[in-house]
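Top line first, the protein sequences correspond to chains A and B.
For reference, each letter of the first sequence is one residue, going 0 to 82 in numbering that gives the first Met the number 0.
For reference, each letter of the second sequence is one residue, going 0 to 82 in numbering that gives the first Met the number 0.
Each hint should be verified, as a subset may be incorrect.
It does not matter which identical chain is meant; a pair holds if it fits inside one copy or across any two.
Here are the simulated lysine-lysine pairs, DSSO-like style, with alpha carbons at most 30 Å apart [as the list claims (entries may be wrong)]:
#: 1; residue 1: 54; residue 2: 76
#: 2; residue 1: 21; residue 2: 54
#: 3; residue 1: 26; residue 2: 81
#: 4; residue 1: 78; residue 2: 26
#: 5; residue 1: 26; residue 2: 54
#: 6; residue 1: 54; residue 2: 81
#: 7; residue 1: 76; residue 2: 24
#: 8; residue 1: 81; residue 2: 24
#: 9; residue 1: 76; residue 2: 21
#: 10; residue 1: 78; residue 2: 24
#: 11; residue 1: 26; residue 2: 76
#: 12; residue 1: 24; residue 2: 54
I should point out that these hints are in silico values taken from the structure, not numbers from a laboratory.
Because the structure is a prediction, the values reported are computed rather than measured.
Number of protein chains: 2
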Amino acid sequence: MEIIGFIAAFLTTAAFLPQVYKTWKTKDVSGLSLPMLLLFFTGIVLWLIYGIQIKSPSMIFANCVTILSSFLLVYFKIKYAKK
Amino acid sequence: MEIIGFIAAFLTTAAFLPQVYKTWKTKDVSGLSLPMLLLFFTGIVLWLIYGIQIKSPSMIFANCVTILSSFLLVYFKIKYAKK
Chain A
0 MEIIGFIAAF
10 LTTAAFLPQV
20 YKTWKTKDVS
30 GLSLPMLLLF
40 FTGIVLWLIY
50 GIQIKSPSMI
60 FANCVTILSS
70 FLLVYFKIKY
80 AKK
Chain B
0 MEIIGFIAAF
10 LTTAAFLPQV
20 YKTWKTKDVS
30 GLSLPMLLLF
40 FTGIVLWLIY
50 GIQIKSPSMI
60 FANCVTILSS
70 FLLVYFKIKY
80 AKK
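All chains, full assembly: derive it from the sequences and hints.
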């Protein structure tokens, strides 16, 4: 039932995009914690490796998209952090 | 290599907990979007069903924890929303 995984992937990645858009528009990164972003990013990379190992197309798809989203948040956090 | 899934589960669920704690302490839910929380919650429920179908212990564990965390955020959002 790979379709359930793909619907799940769509919903959870879609829920993440408004945060990326809001951070990009407002450049307000005060509410974002760099250590937590890095924990999350590392976790998603491991989920991708796990998804590849268990050959789950929906996990590979979802985690590729989320790696991109969370990488952007890490980048914005570093770029827009108050000096 | 179920261990990779469990490390991934630990990292991604751990990154979610500070948000729950912060929302609980501050009661500030202005930055949280209810439709997005509901999308995310629905997505996580589907990931859990998918994890059960593909018999992935680490996905079942991670999604049970995240269902609880995101349910709390939905509850706080409704409870603390400005009237």
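Here is what the structure says about each hint:
In this assembly of identical chains, the alpha carbons of residue 54 and residue 76 never lie at most 30 Å apart, being 33 Å within a copy and 37 Å across copies at closest. Proximity of residue 21 to residue 54 under the C-alpha cut-off of 30 Å is found in neither arrangement, the shortest distances being 33 Å within a copy and 36 Å between copies. Taking the shortest alpha-carbon separations for residue 26 and residue 81, both the intra-copy value of 10 Å and the inter-copy value of 25 Å come in at or below 30 Å. For a Cα distance limit of 30 Å, the shortest separation of residue 78 from residue 26 qualifies both inside one copy, at 9 Å, and across copies, at 29 Å.
Taking the shortest Cα distances, residue 26 and residue 54 never come within 30 Å of each other, neither inside one copy (37 Å) nor across copies (41 Å). When the C-alpha separation of residue 54 and residue 81 is checked against a cutoff of 30 Å, the pair qualifies neither within a copy, at 42 Å, nor between copies, at 45 Å. Taking CA atoms no more than 30 Å apart as the test, residue 76 paired with residue 24 passes in both settings, with 13 Å inside one copy and 24 Å between copies. In this homomeric assembly, residue 81 and residue 24 come within 30 Å of each other (Cα to Cα) both inside a single copy, at 16 Å, and across copies, at 25 Å.
With identical chains, the CA atoms of residue 76 and residue 21 are at most 30 Å apart both within one copy (12 Å) and between copies (19 Å). In this homomeric assembly, residue 78 and residue 24 come within 30 Å of each other (Cα to Cα) both inside a single copy, at 13 Å, and across copies, at 29 Å. Proximity of residue 26 and residue 76 under a CA criterion of 30 Å is satisfied in both settings, with 9 Å inside one chain copy and 24 Å between copies. Taking identical chains as interchangeable, the C-alpha atoms of residue 24 and residue 54 are never at most 30 Å apart, the minima being 36 Å within one chain and 41 Å between chains.
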